[in-house]
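Respectively, the protein sequence lines represent chains A and B.
All residue numbers for the first sequence refer to our numbering, where the first residue is 1 and numbers rise by one.
All residue numbers for the second sequence refer to our numbering, where the first residue is 1 and numbers rise by one.
Chain A regions said to be covered by chain B (calculated; three or more residues, Cβ under 8 Å):
{"id": "1", "stretch": "249-255"}
{"id": "2", "stretch": "258-269"}
{"id": "3", "stretch": "278-286"}
Restraint ranges, calculated between C-beta atoms of paired labels, are given here:
{"id": "4", "chain 1": "A", "residue 1": "E104", "chain 2": "B", "residue 2": "G228", "range": "24 to 30 Å"}
{"id": "5", "chain 1": "B", "residue 1": "A275", "chain 2": "A", "residue 2": "R270", "range": "38 to 44 Å"}
{"id": "6", "chain 1": "A", "residue 1": "W130", "chain 2": "B", "residue 2": "G170", "range": "36 to 42 Å"}
{"id": "7", "chain 1": "B", "residue 1": "T24", "chain 2": "A", "residue 2": "D188", "range": "55 to 61 Å"}
{"id": "8", "chain 1": "A", "residue 1": "L16", "chain 2": "B", "residue 2": "G59", "range": "48 to 54 Å"}
{"id": "9", "chain 1": "A", "residue 1": "D131", "chain 2": "B", "residue 2": "R329", "range": "38 to 44 Å"}
{"id": "10", "chain 1": "A", "residue 1": "Q230", "chain 2": "B", "residue 2": "G273", "range": "58 to 64 Å"}
{"id": "11", "chain 1": "A", "residue 1": "W130", "chain 2": "B", "residue 2": "E232", "range": "21 to 27 Å"}
Please keep in mind that the hints were generated in silico from the structure rather than gathered at the bench.
Source: prediction; values computed, not measured.
Each residue gets a CB set at the ideal place from its N, CA and C atoms; glycine is no exception.
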Amino acid sequence: MSAVAQGILGAIERLLGAERERAIDAIVADGGYSRAMAEWGLEAAATVFDREAIERTVGRMGGDLEGETVALSLAKSVATAPLRSMALPLLRGARALKVRAPREQRAFGRIVGEALCAEGLAVEFDESQWDGARWCEGVLNTGASVLVSFGGDAAVERGRALASATGARFEGHGHGAGASWVDVAVSDEDVLQIAWDFCAYDGSGCLSPSVLWVTGSLDEAVAMGARVAQGMARWETERPRGAPSREWAAHERSWRAGAAATATSFEGGRGFCVVVFAPGEGEAVRAIGARNVVVRCAGPSGEGAERWIAANARWLTTVGGDGSARARVSALGLAAFRGRLAAFGSMQRPPLDGEADPRGER
Amino acid sequence: MSRAVEIEARARAMLSRGARGAVTRDEFERLTLDALAWQRAECSALDRALVAAGAGTLGPGLDGVVGVPTDAFKMARIATFAPALEQRVFFTSGTTRDVRGRHAFATMALYEQAAISAAERWLLPMRDCRFVFFAEREADNPHSSLSAMLSMFSRARGARDEDVFFVRDGALEVAAAQRAIEQACREGAPVALLGATFAFVHFADAVGDWQCALGEGSVVMPTGGFKGRSRELATDELMAEIQDRYGVRRSQVVQEYGMTELSSQAYEAHAEGVAPGRYRCPPWMMVDAVDPETLAVLPVGEEGILRVIDLANLGSCVAIQTADLGVVREDGFEVRGRMPGAAPRGCARAMDALLSGER
Chain A
1 MSAVAQGILG AIERLLGAER ERAIDAIVAD GGYSRAMAEW GLEAAATVFD REAIERTVGR
61 MGGDLEGETV ALSLAKSVAT APLRSMALPL LRGARALKVR APREQRAFGR IVGEALCAEG
121 LAVEFDESQW DGARWCEGVL NTGASVLVSF GGDAAVERGR ALASATGARF EGHGHGAGAS
181 WVDVAVSDED VLQIAWDFCA YDGSGCLSPS VLWVTGSLDE AVAMGARVAQ GMARWETERP
241 RGAPSREWAA HERSWRAGAA ATATSFEGGR GFCVVVFAPG EGEAVRAIGA RNVVVRCAGP
301 SGEGAERWIA ANARWLTTVG GDGSARARVS ALGLAAFRGR LAAFGSMQRP PLDGEADPRG
361 ER
Chain B
1 MSRAVEIEAR ARAMLSRGAR GAVTRDEFER LTLDALAWQR AECSALDRAL VAAGAGTLGP
61 GLDGVVGVPT DAFKMARIAT FAPALEQRVF FTSGTTRDVR GRHAFATMAL YEQAAISAAE
121 RWLLPMRDCR FVFFAEREAD NPHSSLSAML SMFSRARGAR DEDVFFVRDG ALEVAAAQRA
181 IEQACREGAP VALLGATFAF VHFADAVGDW QCALGEGSVV MPTGGFKGRS RELATDELMA
241 EIQDRYGVRR SQVVQEYGMT ELSSQAYEAH AEGVAPGRYR CPPWMMVDAV DPETLAVLPV
301 GEEGILRVID LANLGSCVAI QTADLGVVRE DGFEVRGRMP GAAPRGCARA MDALLSGER
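Please build the complete structure, drawing on both the sequences and the hints.
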């Protein structure tokens, strides 16, 4: 195993050991997550870095950043994403890594940077510049040969233009969303995992599902909504959602009222709700995440889900489903779909030796 | 007498006392609660929305009323009557990409009564004035609540829409409006210059340094936001621009508080000694600031989001929860802009922008 790989394993050991409490505090402080969710988030982000996965990753990616100085511009709010985003360029052979701190959630990234540096890895976590374009311009003009940019599509496009101007390589990862698709014959354990996909990172990650499509009749979709609500309630007890801001509480109440007004069924709890829509119903209702689950009836043959996936393929990062749903998405043969197909409960746990967002550069 | 007829009769009787009429809190409360209970029974979507918004979690009486959030008008049909009975529909402003709120009416009678009565108290107390409206005619934009209200004013005063509306085919007829204003100034006639705020900016940009001195008794009312249709000015800048350009005092510039989801309007009440920026409601309308999280009514002087009870809003819901921040004072209420944007955490925040609806 290379020194870099050993260094990363060492950093992971620090984050799960001596620095664990500090890291969890940082995740809570950064994102407003509950402590239980922060603990899960740290475990989920760190435990993909086992020895075998690292070796597979190095083998697969083959040092494609060997000797490069990589500039990494993180998105505005990131939860535990900095760990993967910072470690991967190093595993891919980067000589040095310069990181622009996220504008909002930077405490966890700082701790990751410290853990990597403590292992002798060349990481600079820069908190001095919140203007992404200006930062990218600065690092590209002072030796960075690769720019990796996470964020909104506009920011990614700005980064692409700046990299192009200096001849640097560029990798951009814009926003996206996931979707989940289930058949009514699913087991209770799978339903619990479906609910978990909506709860992980409080439903706010770019791999989080924005909608659950249910193949079946409307009555069956309503019944599925009730089962998912039970799952949500259980997760709310075990891993509660973080306390919402005052603004979010008002916005969410307003959204729930509108969704309830137009939905076939609505089930709400303190930290979640599940709304079920018949085909053609609630077309003006856009998902807002944060454990507010939108369930849509896809019809007895699932045609509603197929149409929707085809229409939104370009933006889909992940589709969660059982084997048959995943096979159906594959069978659609959508050129625009480059997302990941995931089993229930793992939508936000992409393996290390596969890209989190396989849409890659767009 | 059916419940609907009975409630409408009580509302009509209250409105017929006029904007200066007396309504006791007890009377207001009884009609509010009765109307709301009837509306919930008639409109299941409204009932579901109110339950989801927290109805029943607060105490009894007016303080326990939960308003239906304005978002509900974007997502569902909030109406106490069948679609076949719709006479008018107003839409909230927005771009083609935005989901727009929809407010349907089976009758405009209460709306008209409310609009004219409140305007006569605070906006158009003078009997004779020349109208200049920076807005589209009702016939050209039947889904605009502003155009409808201004048409009601012109009809009430015997003016012809063709003569007083100066936006046609989406464009402000600057030269014609300028001529109408100049003629009124020459003749010393008071002018009621009313319209969309962005149209005032368009006019200012088009006429450059042109100024006038509107006659004594004139009034200017810019209403609504800029809606991305013009450059934006802070309220102070807008007031200064209007005062300078039209030669009026601040007390002649009357701001209105209204919205598509309502049937009534509140106004600045300069003549009643109320400070600028503070609005008064007609007696069938009440505005409270509520806590954004709990919806509890806040004491006078504390900032919250505004909940409006409008007893002319019988066709939809008499209690509306806005996203406007504001403060209630002893003599009126102040609006402090919109609740700050509430983005969810995380990188899925652009989900709405990305996905082309859910279907």
